[in-house]
Amino acid sequence: MATHVLSILIFLPLFGLLGLLFIQGEDQRNYRWVSIAVTAAQLILSVYLFVEFKPEYFQFHSYDSLVYMEKGNWFQLSLGNLGILSINYFLGVDGLNLSMILLSSIVLFAGACASWNISKQPKGYHALYLLLCVSIPGCFLALDLFLFFLFFEFMLLPMFFLIGIWGGARREYASMKFFLYTLFGSILILIVFIVLIISTYNPAEMMEYVPSNAGYSILDIQKGIHTGELQDQSSIIHSLDLVQLSNPLNYLPTGLLGESNTTLILGYSIRTWCFIALLVGFLIKLPAFPFHTWLPDAHVEAPTAVSVVLAGILLKIGGYGLIRIAWPLFPHEAAEASWWVGLIGLVTIIYAALVALIQTDLKKMIAYSSVSHMGFVVLGLAAATTEGITGAVYQMFSHGLISALLFLLVGVLYDRTHDRMIPNYRGLISKMPAYSVIVTIAFFASLGLPGMSGFIAEILIFIGAFQSAQITGTIPTWMPIVATLGLLLSAAYYLWTIQRMFFGKFSTHATIDRTALTDITFSEKVLLYSLCGLVILFGLFPSLLLDKIGPSMEAWSSFFINMK
Amino acid sequence: MNILDHIQESLQYLAPEGMLVLALLAVLFADMFQATRKNAVFATLTIGCLLSVGVYVGYELFDRNSIPNVEFMSNMLVQNPVILFSKLLLIISGIIEIVFIQVYHYSQYLRERGETYMLFLAILLGCFFLVASVNLFMVFLSLELISVPSYMLVASRLDKKSTEAGMKYLLYGAFATGVMLFGISLIYGLTAGLDLFSERWILAFAAIPVFSKWIVLGLVLAALFFKTSLFPFHPWTPDTYEGSSWGVLNILSTLPKIAAFIFLMRISALFEGMQSYSILIAVIVGFSLLVGNFSALVQQNVRRLMAYSSIAQGGFIGMALLGGGDLSQQSLIFYLVTYLFSVPVALFILDYFEHISKGDAVNNFKGFGKKEPIMSIIFVLVMATLIGLPPTAGFFAKIFVFTSVWQYYETIQSPILLGVICVAVAGTVASVFYYMKVPYFLFFKEFENTVILTSKHKSSLVFVSLTMLPVVVLFFCPDRLMDLLKVIVAYI
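Here the protein sequences come in this chain order: D and F. The working numbering puts the last residue of the first sequence at 574; the count rises by one with no breaks. The working numbering puts the last residue of the second sequence at 1074; the count rises by one with no breaks.
Calculated from the structure, these hints are not laboratory results. We treat Cβ as the ideally placed atom computed from N, Cα and C, and that holds for glycine. Watch out, some of these pointers could steer you wrong.
[Unchecked claim] Subject to a maximum C-alpha distance of 27 Å in a straight line, what follows is the list of computed BS3-like cross-link-like pairs (lysine-lysine):
1. Lys743(F) <-> Lys133(D)
2. Lys133(D) <-> Lys750(F)
3. Lys133(D) <-> Lys948(F)
4. Lys133(D) <-> Lys1019(F)
5. Lys1040(F) <-> Lys948(F)
6. Lys187(D) <-> Lys948(F)
7. Lys1068(F) <-> Lys187(D)
8. Lys130(D) <-> Lys795(F)
[To be verified] Computed spacing ranges between beta-carbons, pair by pair:
9. Lys1040(F) <-> Gln69(D): 28 to 36 Å
10. Leu785(F) <-> Phe21(D): 58 to 66 Å
11. Pro997(F) <-> Trp506(D): 53 to 61 Å
12. Cys1004(F) <-> Phe25(D): 55 to 63 Å
13. Tyr183(D) <-> Phe757(F): 40 to 48 Å
14. Ala612(F) <-> Asp242(D): 55 to 63 Å
15. Pro997(F) <-> Leu229(D): 57 to 65 Å
16. Val1055(F) <-> Ile33(D): 25 to 33 Å
17. Leu670(F) <-> Ile33(D): 36 to 44 Å
18. Ser780(F) <-> Phe21(D): 52 to 60 Å
19. Ser1041(F) <-> Gln69(D): 57 to 65 Å
20. Ser1041(F) <-> Phe25(D): 27 to 35 Å
21. Lys953(F) <-> Tyr183(D): 20 to 28 Å
Using the sequences provided together with the hints, build the complete structure.
Structure representation (structure tokens):
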């Protein structure tokens, strides 16, 4: 089992889907147990992975450093003069995706619990949710870019239907907008992947599969390609193996991305354009200013569980893609663009926080605060120091937990009154004391109170960003200084919201049924308290996570500094 | 050699065609002596014949001792693995069509008449001859053998709309045939021969000026462009689609298209490297992609939408004609394989929805996704195939076609080819919108039709899922088919 644990983790929900087929009837109680059981099993598996993971890290993107690696040839296609296209089924875990896998199984489990009361077409809902449970871990674990792209696209479709069918009043508009934005991003990403296929080669597979290369070593083949001795175009194997793509020697010297290709398009090299395409593609997903406008719409219309998954995990795919693919494959271009990337991060932090300040819809306010907090990830990434990048990953992890908690809390209120306008409530603490306490904890966690996970992440990002002027020279010192303003703003909108909604004398808008405002039930308490517990746990003991991801991120930043 | 001996010797290669003719006659007799029409005699005869022809052709194809490349009937026809394989495709497609007519409840008038089967077999016979032709005279005859029964099939519902559609189809078809005949006469004048694939003819053709080449090729290929509904011979498609029944449409949009594309592929292989030919095709394909994809965007009627989609699909398949190399041929046949499985399913499901909603506007399909979930999910899968999204073989079909054009672009660096690639990419993006239009109405709108859905068609579900299965399976092992095709196209 241990050798195939990653495949089992990914494809387990398919058995759940099979199980769904045998359940009949409109009673949602039967369906929800399937989702909960499957996600619980995934959670157990990923906790097992997390505990068993021993960080013995030496080099970023090397086969030796991947744990539970699964690699097998899926298919090889001979494309005439373009060589052979080889696609692998390649999964593996290192510190970077270990944290994301743990996060996604926690959030997916929470989402499955939050789907408890779905009564409209429960079978379809849970089937799509299980499909999401396949594609999200798949996306994080795939190390062949073809496989990555498949899972990436498969995240889009279930999400589109989940928002479009089970969403709120303007669900069609929101799901369409979500679909178009993300599709545009994924087309950009696909174009880069195609360019990567045709301009790289895979020496390891050429040694293994091409008979005329028998007896040569990988170094011989690389040398042969670069000196022009290996001329036979039709026996060059192209692949999207991330480990091979990270080696600059594996780019064909005369290919589109090769060193001797000096073609300029509008004054920039093809490599730069590829980097820009990847950057925009993933920034849409993240989302960063100015590509963020789909997010508030999607969040406002999506049902609670889908919001939780969307904010908790899907946004992280954007950050993960930048850290895993864009920066390692185009380090030189990334270093040159860092100033602008840092600026995008900074603008995202400040702008989204300002917009959050004026929202009257609680869910929209939280959606904008999500955007603002994801801006810190971009800032840490632009800094590219060990602390900055570790902070970025930590921020993704902690923001995943906190935003899941926040959206669950909005869902609790919305379930009761079907109204989530901030001005319509006052003095809720007297009616719903336990609820108010958890909201306060969640708000403080999100604004970065010491002792909560958000604090660790943001402090790491700030340390990294301040250091970067000396170590990597990527972003100037004024950027983190201005970014601290974001912290102030987030404190402002959270505290103001608490003051408006929970403090003072109890009163509500006339349209709200006051009898519905009951405090949280036992099952809600279990879910919310355990998420709060995790937030505090990773705030008080950051080494739990840092020990696992630290060595990987150190290797990442030394790889980046060497390559740029 | 005595001419009679030669004909006798040639007849051994005509066994499949002979079987088709026998089946046609058998259906004719059965139709004459049938008292009641409610029986399955016609269908049993036809499918039996198709299966036995399929087994025979398959045996010939994989028989190591068969002669790989032979011309017969005084150099009119040719037999080689590519042709055998394309006959196999035609038979598979034919079987799907006959089952289509059987399974569906509302194609009663097609199912119970002997004529349908006779006309169908005649079309199939014409397709068999077309793929194997090496002489323009033979091409003309087989195209007529395809066209005449098609006109009748389109008009076979005998009401006003279908007669109108049949008439339009006939007029356009007659025009295209006339143009082709004119071209053939010019070619005969320029090269003193119609034996396209002989070395003498190729040398004679290479000697004529480029401009004349464009004109005669454009004229001769007109009838083939008409069959494949490529620009500028596409305007019949929407009108004919609107007027005829889905069962007939299914025949029209698969069999003649496959045969015509296989023949065009052989011509491309003949003209490999001749730039005047590939630029002519590139212009036609580029405009077909533009017209098909961007007109489909504004359609509100599913029949017209599918018509424009078939023009666009023709353009995508046509892209594989540009290069003329091995990869182009492999990708063309690969595309045809996914096409022949996915199009019948799409048309079948639309037929099904159209009958329960009593209307063919997209608006009428609101909310069916909730009433007919499995049918709707399979429909989404078919649309994904036609767009070229994973997990369907359509994804690889598109990738191969794009790769083949890119490869050719790298060798000749023609801006026209780059233009075709750009139009095709834009068209693929546009196709997402119109192909997803129907699924959007199926799943996102509330059900408001007053029709009560009563009948459950188990057999329909079995038919669509079985037909869709190869497309999904091919996604996981595209290399198997490509390796097989690589061996086969070497004989072209």
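Outcome of the hint check:
The straight-line distance between the Cα atoms of lysine 743(F) and lysine 133(D) is roughly 42 Å, outside the 27 Å bound, and the hint therefore fails. Between lysine 133(D) and lysine 750(F) the CA atoms are separated by roughly 48 Å; this puts the pair beyond 27 Å, and the hint is violated. With a C-alpha separation of about 20 Å, the suggested pairing of lysine 133(D) with lysine 948(F) holds against the 27 Å cut-off. For the given pair, lysine 133(D) sits about 24 Å from lysine 1019(F) by alpha-carbon distance, which is consistent with the 27 Å threshold.
Simply put, lysine 1040(F) and lysine 948(F) have alpha-carbon atoms about 22 Å apart, close enough for the 27 Å limit, and the pair holds. Using a Cα cut-off of 27 Å, the hinted pair lysine 187(D) and lysine 948(F) holds, with the two alpha carbons roughly 20 Å apart. A distance of roughly 43 Å separates the Cα atoms of lysine 1068(F) and lysine 187(D); the hinted pair therefore is violated under the 27 Å criterion. At roughly 64 Å between alpha-carbon atoms, lysine 130(D) and lysine 795(F) are farther apart than 27 Å, so this suggested pair is violated.
For lysine 1040(F) paired with glutamine 69(D), a C-beta distance near 58 Å fails the hint of 28 to 36 Å. As the Cβ distance of leucine 785(F) to phenylalanine 21(D) is approximately 60 Å, the hint placing it in 58 to 66 Å holds. Distance hint check for proline 997(F) and tryptophan 506(D): the Cβ-Cβ separation is about 59 Å, which falls inside the suggested range of 53 to 61 Å. Between cysteine 1004(F) and phenylalanine 25(D) the Cβ separation comes to about 44 Å, which falls outside the hinted range of 55 to 63 Å.
In this structure, tyrosine 183(D) and phenylalanine 757(F) meet the distance hint of 40 to 48 Å, their C-beta atoms being roughly 47 Å apart. The given range of 55 to 63 Å is respected by alanine 612(F) and aspartate 242(D), whose C-beta atoms sit roughly 60 Å from each other. At about 41 Å, the CB distance of proline 997(F) to leucine 229(D) disagrees with the hint of 57 to 65 Å. The hinted range of 25 to 33 Å is satisfied by valine 1055(F) and isoleucine 33(D), whose Cβ atoms lie roughly 27 Å apart.
The hinted range of 36 to 44 Å is satisfied by leucine 670(F) and isoleucine 33(D), whose Cβ atoms lie roughly 42 Å apart. Remark: the range hint 52 to 60 Å for serine 780(F) to phenylalanine 21(D) is upheld by a beta-carbon distance near 57 Å. The hint said 57 to 65 Å for the Cβ distance between serine 1041(F) and glutamine 69(D), and at roughly 59 Å that hint holds. Against the hinted window of 27 to 35 Å, the Cβ-Cβ separation of serine 1041(F) and phenylalanine 25(D) comes to about 29 Å, which satisfies the hint.
For the hinted restraint 20 to 28 Å between lysine 953(F) and tyrosine 183(D), the CB-CB distance of approximately 24 Å keeps it satisfied.
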